[in-house]
Amino acid sequence: MPYNYDDQNIFAKILRGEIPCNKVLETEHSLAFHDINPAAPKHVLVIPKGSYVTYDHFAQIASRRKLLTSFERLGRSARS
Numbered sequence: 001m002p003y004n005y006d007d008q009n010i011f012a013k014i015l016r017g018e019i020p021c022n023k024v025l026e027t028e029h030s031l032a033f034h035d036i037n038p039a040a041p042k043h044v045l046v047i048p049k050g051s052y053v054t055y056d057h058f059a060q061i062a063s064r065r066k067l068l069t070s071f072e073r074l075g076r077s078a079r080s
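Under this note's numbering, the first residue of the sequence shown is numbered 1, with each subsequent residue one higher.
No wet-lab data here; the hints were simulated from the structure. Here the structure is a predicted model, which means the values were calculated and not measured. C-beta atoms are modelled at their ideal positions from N, C-alpha and C, and glycine is treated no differently. Heads up, a few of these hints could be off.
Derived CB-CB ranges, DEER-like [unchecked claim]:
hint : residue 1 : residue 2 : range
1    : Asp-7     : Arg-79    : 32 to 40 angstroms
2    : Pro-2     : Pro-41    : 33 to 41 angstroms
3    : Pro-41    : Ile-61    : 28 to 36 angstroms
4    : Arg-79    : Leu-45    : 13 to 21 angstroms
5    : Asn-9     : Pro-38    : 14 to 22 angstroms
6    : Arg-76    : Pro-38    : 30 to 38 angstroms
7    : Arg-79    : Asp-6     : 33 to 41 angstroms
8    : Gln-8     : Pro-41    : 30 to 38 angstroms
9    : Glu-28    : Arg-79    : 14 to 22 angstroms
10   : Arg-79    : Gln-8     : 33 to 41 angstroms
11   : Leu-45    : Asn-4     : 31 to 39 angstroms
Put together the whole structure using the sequences plus the hints.
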């Protein structure tokens, strides 16, 4: 399946710092931040740093190290 990344999407703008966010955790590979319209008391969005269109796209292209590092650090952050 071909993926067409739109570099003007809201998440790309957040990653570039063009739109502010309330960061929870930032790693080399991902950014976690509070949702501006939370559906729960603790509602955090996690986005990969890269030109990915879907999670499946991220999982296909990202290295195993990138995937594991992102999830391990997020898990530690959630527990603290």
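Cross-check of the supplied hints:
Hint check: Asp-7 to Arg-79, Cβ distance near 34 angstroms, so the stated range 32 to 40 angstroms holds. Between Pro-2 and Pro-41 the beta carbon distance is about 39 angstroms. The supplied range of 33 to 41 angstroms therefore holds. Between Pro-41 and Ile-61 the C-beta distance comes to about 34 angstroms, which sits within the given range of 28 to 36 angstroms. Checking the proposed 13 to 21 angstroms range against Arg-79 and Leu-45 shows it holds: the Cβ atoms sit about 18 angstroms from each other.
Taking the beta carbon of each, Asn-9 and Pro-38 are about 20 angstroms apart, inside 14 to 22 angstroms as hinted. A hinted range of 30 to 38 angstroms for the beta carbons of Arg-76 and Pro-38 is inconsistent with their spacing of about 22 angstroms. The given range of 33 to 41 angstroms is respected by Arg-79 and Asp-6, whose C-beta atoms sit roughly 34 angstroms from each other. Between Gln-8 and Pro-41 the beta carbons are some 32 angstroms apart, a value that agrees with the proposed interval 30 to 38 angstroms.
Against the hinted window of 14 to 22 angstroms, the Cβ-Cβ separation of Glu-28 and Arg-79 comes to about 20 angstroms, which satisfies the hint. Hint check: Arg-79 to Gln-8, Cβ distance near 35 angstroms, so the stated range 33 to 41 angstroms holds. Between Leu-45 and Asn-4 the beta carbon distance is about 22 angstroms. The supplied range of 31 to 39 angstroms is therefore violated.
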